[in-house]
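*Asks:* So you can see what is in the structure, the chains are spelled out below.
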Amino acid sequence: MTGDSVRGQVRSILKDELQIELPDTTTDLLDSGSLDSLGFVELVFHIEKRFGVTIDLASVDLDDFRTVESISAGIERLLDGRNAETPAR
Amino acid sequence: MRILFAAEEAAGAQAVKAAVRSGHEVVAVLTGSPPNDQQLAPVSGVASRLGLQVWPAGLVKQPEFADRISSEGVDILLNVHSLYIIDEAVLRAPATGCFNLHPGPLPRYAGLNTVSWAIYNGDAEYGATVHWMEPRVDTGAIAYQTLFPVSDHETGLSLSTKCARAGVRLLEQLLEVARHDPARIPAKQQDLSQRTLFLRGRIPQHGRVDWTRSAIEVERFVRACDYGPFTSPWGPPLAEVEGRQVGIVRARATGQPCDAPSGTVGPVEDAGVAVAAADAWVRVERVAYDGRVTSPVEFLRSGQQFASPHVEGGGAGASGTLASR
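In the order they appear, the protein sequences are chains C and A.
Mapping the first sequence onto this note's numbering, position 23 (from 1) lands on 23, and the numbers just tick up by one.
Mapping the second sequence onto this note's numbering, position 149 (from 1) lands on 149, and the numbers just tick up by one.
I should point out that these hints are in silico values taken from the structure, not numbers from a laboratory.
Check each hint, because a few of them may be wrong.
Stated by the list, open to error - Here are the computed lysine to aspartate or glutamate pairs in the EDC-like style, where the Cα-Cα straight-line distance is at most 20 Å:
| hint | chain 1 | residue 1 | chain 2 | residue 2 |
| --- | --- | --- | --- | --- |
| 1 | C | 49 | C | 28 |
| 2 | A | 17 | C | 28 |
| 3 | A | 61 | A | 88 |
| 4 | C | 49 | A | 172 |
| 5 | A | 17 | C | 17 |
| 6 | C | 49 | C | 4 |
| 7 | C | 15 | C | 48 |
| 8 | A | 188 | A | 134 |
| 9 | A | 61 | A | 72 |
| 10 | C | 49 | C | 76 |
| 11 | A | 17 | A | 172 |
| 12 | A | 17 | A | 176 |
| 13 | A | 17 | C | 36 |
| 14 | A | 61 | A | 134 |
| 15 | A | 17 | C | 16 |
Stated by the list, open to error - Counterexamples of contact, computed for chain C against chain A with all Cβ distances above 10 Å:
| hint | residue |
| --- | --- |
| 16 | 30 |
| 17 | 76 |
| 18 | 77 |
| 19 | 82 |
For glycine and all other residues, C-beta sits at the position ideal for the given N, C-alpha and C.
Please build the complete structure, drawing on both the sequences and the hints.
*Replies:* See below:
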């Protein structure tokens, strides 16, 4: 999955599931007041479901959830880690 | 199945969505958040967008609401993180029953803010419970329960999210069984001799850091209060240094022994400021001060002394170095 694809899906989750539309991928979701605690938990749920990953909130830096860019980078790391564990056929 | 929800918070929103996705008929959602057109999504907003009726959460306190439940043909009332005490007549009204999703492993950790209490107490395992509702809070027979590990980096936010995630799955399980045969819904009586009830307004150590405790105890208290970047139910634990009130937002026990008096500010490094606990240094990484969250490096200096309920007299300058983890 490409970085553009991940970013696109993150923006889609924010728009379609959380009704959050952002001017760009570097807007701070928290500082702008776009994301509250309920929205944050929903975002985690939707990311896990859409990308088939599990986010261990105890181990991540929550600053990774501030922008579409940082969220996408975090998801790509999770996907890379998961793919690395899958033996090549 | 005709389902009535009393729902708040993220778990409530997710539970409502899960019920709709599963094809159940949601009669209405009782919630305390008023409908609005704002971008933020309280449960009422989620329910409205799904085309569901939104009713005031306080209806559950009224005995006459039981008649409406009966006339609507409600099979199950699901209470998800709503804190209203449901009237006994209302509890008896749904055809199958009323169920509560409690973010905790009953009978232990009944009541409020139990996620934070579990971290504060250093529990290695926590859980979520769906139980039949009785008039007394969190006492009903258990229908479903799941347990999961608590990591040594867990915060209030991370553990609450784990509970919400696990709890919604339990509700899905309940609804699936209820759809086919409600008589098969389990009902395991709780051993109430094992129950601890945590009441509203009860905060460990009156919300203040006690530097005379062990470093890991100080760290656990800070993590229990940590819902960052969002508002914590308890707020950050407070500490006073040279007349200034500081909230300890993030801190880690370093495991490095120290012999400085408890509360003494030790080495100041980029990653944070060391403060002496009873047995080891605690690295304080983020603090709330003067209306903002910032690094303690901005204003703490080695040799300063945090007040502690069990410390007598001032402290000498700190000695020793603090190696990075």
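*Asks:* If any of the earlier hints don't hold here, list their numbers in rising order.
*Replies:* 1, 2, 16
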